[in-house]
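*Asks:* Protein chains in written order, with the numbering used here: chain W, 1 to 710; chain C, 1001 to 1105.
These are computed hints drawn from the structure, not numbers from a lab.
Some hints could be false.
[What the hints assert, rightly or not] Pairwise CB distance ranges (calculated):
(1) Tyr692(W) with Leu1005(C): 38 to 48 Å
(2) Ile1035(C) with Ile672(W): 38 to 48 Å
(3) Phe1089(C) with Tyr692(W): 32 to 42 Å
[Claimed, not checked] Negatives, chain W to chain C, calculated, CB over 12 Å:
(4) Trp8
(5) Pro93
(6) Glu472
(7) Ser510
(8) Val600
(9) Trp645
(10) Met676
(11) Met696
Backbone N, C-alpha and C define an ideal beta-carbon position, used for all residues, glycine too.
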Amino acid sequence: MFFLDHIWLIPLLPAFGAAIMFFFGRKLQKATVSAVCVGSIVLAFVMACGAVSQYSAWSSTPENFHKPYQTVLYTWLGTDTGRMNYSTRGGSPAAFRADAGFLLDPLSSIWLLFVTGVGMLIHIYSTGYMAHEGGYYRFFGYLNLFMFSMLTLILANNYVLMFVGWEGVGLCSYLLIGFYFHRKSASDAAAKAFIVNRIGDAGFLLGMFFIASYFGSLSFMDVTAAARSGHFAIGDPIITAATLLLFVGACGKSAQLPLYIWLPDAMEGPTPVSALIHAATMVTAGVYMVARSNALFVLAPKSMLVVAIVGALTAIFAASIGLVQNDIKRVLAYSTVSQLGYMFLALGVGAFAAGVFHVFTHAFFKALLFLGAGSVIHSMSGEQDMRNMGDLGHRIPTTHRTMFIATLAIAGIFPFAGFFSKDAILWETWSREGGAYRILWYVGYATALMTAFYMFRLMYLTFHGRPRMSHEVEHHIHESPISMTAPLVVLALCAIVAGWLGWPHSLGGSDRFTKFLEPVFAGEARVLQEEGRTSQLVAGVEEEHNTGTEWLLMGLSLAAAGVGWGMAWRSYRHADKGYTEPIAAVAPPVYDVLLHKYYVDEGYDYIFTGRRKLGDVRLGVLGLGAASAWVDTNVIDGAVNAAGWITRLAATISSWWDKWIIDGIGVNGPAILARMLSYPARLFEWGLVQWYALVMTAGLVGFVFYYVYH
Amino acid sequence: MESMLHITTLHYLILGAALFLLGVIGVLTRRNVVIVLMSIELILNAVNLNLVAFSRMWGGLHGQVFAIFVITDAAAEAAVGLGILIAFFRNKETVNVDEVNLLKW
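In isolation and in its complexed conformation, chain W is listed as follows (with noise of 0.2 Å):
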């Protein structure tokens, strides 16, 4: 039980190999670097291995018998003080509680395996592919540093420690998409890649609050336990608008529409970092989380409904960007969205354990793809361009076999992983009842055909047909040193030995990968069945039944690859300089909108960002800045400006006043009045001393006849 009690050091390691080159990378050697880093990893993967051994031997066990395997560091947030106690929306007291606290069952097993396995080989590619690059240590840091927030997110046993992982993993895709930071479109597409992230961070926190106010509780056990308890009706309405929530989280991390847009510019990281982040693990992270959360999805039918449209529409959208664009890296970028789609189509109409199965093999041939473009990339001097690519296949045969194999896997074809996983979806989706899933099932059925189609473009253009590239990089072809070859075949092993874990039932298999994954999804068959929907957990009555309609779709399905396969063929076997694009051919105005991506980085332009002016209005968020700017200059200093103006104009008027009125009526006014009344006045001023001596005997008179007659 060592393994599973020490489990928590699966995470640790990596963290341990970060720090050790955030203090003292810059003084180390390559080769220490990659002892370090890469050697941490190879350990968490030996542990995870034994881990899972050890837990299938431990849940066999009757007592034990598919439980999941729980166990706590410390508890992380949360007190027992009682102060963050709070009452859920039923009225029931609740306290809020996050543990460091680990999970291991079977669906976090499969992640556990392939996410150490996938990154432990991609670790040994970089040692190869960065090799004579800058920032050795910087490199292997960040990538270590993500290796510990993908298993803690894997790892984890509650929705907070998961989304302390799930931050983490976008933080490293930010650091690792402008690992170039010199070059502005690398920290453009950094930004990007965060930005759009943490709008679905915004929903998944939300949900996550939905979830603890409704539930008491976040620890994954504890909200499935209710969940399925009965206690809730289908259809529940908070429920239904936390998974939907959830879901806009999922939909940022693991680029569904309409946040699918990061993952396309992503690609200016080096290639290993797309092999790894953004094709095996990170974009993974929200299939785990949905699937993680499938009791609660299972209560909310019209969220899955969303899911499943929004995986099925995304799929078909990437797919048909794929099929004209001419960078190797792309080309594969929009793949892998096309390919989660899938994954979200699975998860949507309920079959959790084809989605699962589908992440497992994808993980495998995406990541072989990605090392295989980084591998021809790095044989080609850094060429990206298919255009200016053709004719590797003799020159570089390791990689051209192992990425032949990953196309034939991707594209569906028999006995390859892809078929396996993709067919279960596709057969999933059809036996629903519904027409709204038999819709679905073209969907996923065209876009089968145009991922066959667009893979095997990229491979004839890149191995096949003349040479296109100028006359020094073709001297300097040569196959990559072992160090990426290596990673690449034992991946190419993988994804032909993956798929046959999920041999159907119907081609008389035992379908071993659904059988344990029954523990985490088995709960889901009472509550489908409850909906009337068949379900191919429940074993038996009917397989009999419908065996032939899924032969009949496997056999589509291969057509559908087949068909595509021939059309690259005819098209692209024999491109030369200059060769012709047959949908350019045929409709040039469509050709054109998909190779300008059906113009949503400059759509999202327009309406989110306000990069760009619809005509003289700026829309978006630089659109508030500007408006915010102009009820600034306007509008505040406007008022302020008028305050000023009225000030002026009281002390205009007051100056008035003071000089008319006051002084003028005021002080004046009594002066003037002075002198017209001293005209007359003075008018017996005459200056004559007779006259006053006259008016003096006067009154004299006056006063001694007054006295006298008195």
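Starting from the structure of chain W, add chain C where the hints point.
*Replies:* The following block gives chain C in isolation, referenced to the frame of chain W:
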């Protein structure tokens, strides 16, 4: 001659009044400042006459003593008046009382 007019006090008073009146008219009317001063003397002397007449009437000497004072006072006043006249003449080169009109508006 018994039908001669008895000179009573009244006659002296009337004479005094007439002299006073003449003096007042002279002060008010005459153009020359010297004549005005003389008229003022006339007024004062008329008052003297009045005083002496009443002194004769009542038999005491109060009136006469008072008259001596008035004569003294008139002499002083004439001296001062003539001093003012000289100053006035030095300023204005004339003794026309109408020329004393600096306070005219």
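*Asks:* None of the hints should be skipped; say for each whether it holds.
*Replies:* Here's how the hints hold up against the structure:
Taking the beta carbon of each, Tyr692(W) and Leu1005(C) are about 41 Å apart, inside 38 to 48 Å as hinted. The hint said 38 to 48 Å for the Cβ distance between Ile1035(C) and Ile672(W), and at roughly 45 Å that hint holds. Checking the proposed 32 to 42 Å range against Phe1089(C) and Tyr692(W) shows it is violated: the Cβ atoms sit about 20 Å from each other. At the 12 Å boundary, the C-beta of Trp8(W) stays outside the reach of chain C, the nearest C-beta of that chain being 118 Å off.
With a closest Cβ-Cβ approach of about 107 Å to chain C, Pro93(W) is found to remain outside the 12 Å limit, as its non-interface label requires. Consistency note on Glu472(W): stated as away from chain C, and its beta-carbon is indeed over 12 Å from all of that chain's, at 119 Å minimum. In this structure Ser510(W) is separated from chain C by more than 12 Å, as the shortest Cβ-Cβ distance comes to about 139 Å. Here Val600(W) stays apart from chain C, with its beta-carbon at least about 101 Å from theirs, past the 12 Å limit.
Listed as outside the interface, Trp645(W) is consistent with that label: its C-beta sits roughly 53 Å from the nearest C-beta of chain C, beyond the 12 Å cut-off. The beta carbon of Met676(W) sits about 14 Å from the closest Cβ of chain C, which is more than 12 Å, so the claim that it is off the interface holds. A Cβ of chain C approaches the Cβ of Met696(W) within 12 Å, the least distance being about 10 Å, so the stated non-interface status is violated.
Violation of the numbered hints given earlier is confined to hints 3 and 11; the remaining hints are satisfied by the structure.
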